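*Asks:* Following the hints, put chains L and F with the ligands in place on chain D, whose structure we already have.
Chains as they are written, first to last, in the numbering used here: chain D, 1 to 607; chain L, 1001 to 1227; chain F, 2001 to 2191.
It should be emphasised that the hints constitute simulated quantities derived from the structure, not laboratory data. All values reported here derive from a predicted model rather than from experimental measurement.
Pair by pair, the computed Cβ-Cβ distance ranges are: (1) F:2070 <-> D:575: 24 to 30 Å; (2) D:335 <-> F:2013: 48 to 54 Å; (3) D:163 <-> F:2078: 27 to 33 Å; (4) D:528 <-> F:2069: 50 to 56 Å; (5) F:2040 <-> L:1191: 53 to 59 Å.
On the chain L side, residues computed to face chain F include the following (Cβ under 10 Å): (6) 1035; (7) 1045; (8) 1064; (9) 1091; (10) 1211; (11) 1225; (12) 1227.
Ideal Cβ positions, reconstructed from N, Cα and C, are used throughout, including at glycine.
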Amino acid sequence: MSGDHDASFLKPIGDFGDGGVFSAQWWRGFRTEVWRWATTLDHKKIGLMYLCAVLFAFFLGGVVALMLRMELFYPTMIVDVTDAAGNVVLNDAGEKITKTTGELFPGWTSSKGPVTSNNFYNRLFSLHGALMVFLFIIPAVPAAFGNIFIPLMIGAKDVAFPRLNLMSWYIYLFGGTFAVYSLLMGGVETGWTFYTPYSTSTQWGSVTSMVLGAFILGFSSILTGMNFIVTVHKLRAPGMGWFDMPLFVWASYATSIIQVLATPVLAITLLMLIFERTFRIGVFDPALGGDPVLFQHFFWFYSHPAVYIMIVPAFGIVSELIAVHCHKRLFGYKAIAFSSISIASVSFLIWGHHMFTAESPAANVVFSALTFLVAIPTAIKVFNWIATMYKASVTWNTPMLYAMSFLFNFSIGGLTGPPHAVLSTDIHLHDTYFVVAHFHYVMMGGSVIAVLGALHHWWPKFTGKMYNDKPARWMALLVFIGFNVTFFTQFFLGTQGMPRRYATYVPEFTTLNQISTMGSWVLAIGLFGHLLIFVQSLVSGRKAPPNPWGGLTLEWYTDAPPVEHNFAHEPVLTHGPYDYDLVVPPGWDPADYPLPDPELVRKAHGH
Amino acid sequence: MTSVSVETTNTAEPHETYVHQHHWRNADDEKDAAKLGMWLFLGTEALMFSGFFCAYAVFRMLYPDTWKQASDYYLDWRIGGFNTLVLVISSFTIVQAIRGAQLNKKMMIFWNLLATNICALTFLVVKIGWEYIPKIRAGELPGAFFTYGHGPTGTTHDHLFLGIYWVATATHGLHVLIGVFVIGWCMIRTMKGQFGPKNYMFLENTGLYWHIVDVIWIFLFPMLYLV
Amino acid sequence: MSEHDNHHHVTPLGPMVFTLVSLVVLTVVTVLTAKFVPLPGSGNLILALVIASIKGTFVAAFFMHLLYDKAVNTIVVMSSMFGVVLFIALTMVDIGTRKLHEPLEAGEIVAGGGAQWVERDGKQVVDYKGSYGPSYDAAPGKSVLDAAREASDATGEHAPDADEHNAETPANDAAHANTPATTEHAEPAPH
Ligand code: HEM
Ligand SMILES: [Cu+2]
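This is chain D alone, in the form it adopts within the complex:
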């Protein structure tokens, strides 16, 4: 292995000379560095590259989301009707004809035909969904944070298969490039779900290459999952049994199981879609005796478990955040650990709840009944987190605020799941904004908020810099408010019957839509503020101590940023991950960061 074993993994080894930027020597050093990162087998570097990539995807998807909300700010516009050449069309009496439209976006004529603003809206929401799901949130926690922190938390030097890890990163890049390419070259109008028959019959856009992109991204996800399962099985530090693992590792393990078992079905689904489009194998084509609804089974067999790929690692993050910032042993460790595994198992039984309007009544009943099951382990987690916070001495810093934000939002998101699982209500709610609000509460309010919490929680660890906590707290508040304003309104819209995936709506929905759009601006400001704070931290942040929050899991036992091989000496576990009542956290120095006195912490929960 290259590099100095005691140096931080971020320390450059290239010789940049002192000729300043762009001198020949600087370029040589730069090339060395680029090559070193591009070929690295170090899980931390790979994870960091993933992190940058997923955050970039999040940025792109976010910009598109703002555009979508912009479109929905105006319900209708009255415009002149023009013909294909752009001339205003007059009626027989020689008057201008006007039409009412929600089409804020200008249309244009492409080589394949006219692109109306409705088409454009369709493309944008498809782009938004595909970017956010396949490029951002699915790899965000497992591939980015999982890569960096699972080996650190279990005291390993690396993941089980470092080369496979690098390969999955390149597959991700390749698939991502494919996807972005096809979204730019015509885009898709199918939504992220690629439902047949529209996706097989449309000659519009680049459905085939987009589907191929998602197919490739799936492999990256499978490889990551395989790698982590083996890592957790085989590379735990001496002394670390299954129940000494941090809950983030448990959650990631459960996620990996889903990734490994569900993603291959996505692969075959998308492959069949491609075959259907290119060879017309007929499986999804009613004209050949096939069944378009079969596609929905195929798709949701993956995609329902996939929503747990998005949320279960977030559960893990929240367990860490709450334990560390409450300085308290987690209530019901085993219950939380097992609930992750049971969510993973149950998630395979309930995909049919996305098809209540499309499948047979018998299947409806089966899937509806099974769907309620998943709420149980989810609720177990929430109750345990709340029980942990009870009478704890909480440090109200940014990560903890995000944990609270998660609890609030996720509870709303989770509790609006069961109404969907009730057949009679779902017939009304299906494909309305209620569904949109539900899944944004779980995916944005849950997963993304947890990602933001994790970023703040582990930022000092992987960058070695502190960030400015006070403005970050304000931004966390803005994000919370912005998010809720944006999406809570959509519950009302949904129950009143506003369907999803339309560029316009009847004027009755105007007020709520405009409030929602304004919420999205607040949200954007909050996120942008976080970006600035992080940039400031990188440029001029205070050097971080190894353990700024007083955590007990193994990642806090190494330097910030960690050394090349993670630990100077192989760690041997001597205490559990949350033994705050028994152990004083390593390097606990209140001067580094204002934290309550450990004695007080211990008194707070009666030891």
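*Replies:* Frame of chain D, contents of chains L and F with the ligands only:
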């Protein structure tokens, strides 16, 4: 506890030198991990093929009669049966190759791998020469390229059957082809003396992969050719 | 750690030969029963699949060493089989219990299936011969919503709802309505 990174070298058997990667505590862990990883991969293979099986099951259930007609008409069970036997035998020979490694008999590994690859190639030649090419000539192809004229069912179920037949067997055939290359690579490594009683993980994983290819065919064969 | 001991596992020959022989025999049995012993209903299919499962289990247990290996590998196999069975079974629960509005019917056989290459504007394009359900026709100068409203005014009912019909997708009404292949588009006005 310190991590041992180099195993003791046995000079009598040069291919016994085995250095495990630095992040493992010992070679046994590494071996177990490689195997577990392979099994997970095989699990994903099974789930991937389950898409074809599911599509098959659904349409077999919806159109039992036409499905059977199409199967009898388009596919010759003798070819499928022969290929099944070939794959079964190749599964056995690759097991023998692994035994060769365990017993430290280089040529036993080599000959068995060769036999495996000959079986694999036979499979492909029979499949392509006796099935694919005649079918392509006759136009018995998936929907968009179907030019066969009037099939046995007289309905579009012909398209459907052939569609599933083509994508399932072609995907399986691709796996066989990949297997041929990996086994070929194993043969090279055998001749370089890289496999021995302590170091045959790669060989064993190749074997596992080869067996799953066999097992998938064991299911595809009766489903497509027989019932 | 066992890294220095000289004990390694050597695959026993006997069980392997036994497996080979039974695989061959079972293959023959499959063919014979399927071809020459007609069973009622799906009997032959079930029998063939049971035999195939036995064969698969033999391969996994002996050839693939599961019998001699760590249990975790078996658990991996079991859980992926669980996934496969679930996938197929629950999908069939739906498809098998549908009461179709109009039973699925295969179309008449044509070369190229529903898809035909036709010449349009001097270019070869695939025409799908209207395999798919109806779509709104948004005439020039009318938005989809307008069309739907008019339909609703005319009938006094809801606008046609794609969800009501099994063979249609509820996915993407808006997108559907804008399919360039089927719809004439109003050129939007510059704003
Ligand atoms: C707490 C238990 C949950 C239940 C009972 C539940 C139930 C449902 C149901 C029945 C639907 C279908 C609604 C419809 O289309 O009519 C749905 C949609 C959805 N849910 Fe959940 N859900 C739960 C949690 C989650 C979580 C944790 C996530 C993600 C992190 C999630 C993500 C989604 C998404 C993305 C959709 C919509 C997908 C689409 O149509 O594009 N759900 N949920
Ligand atoms: Cu779901």
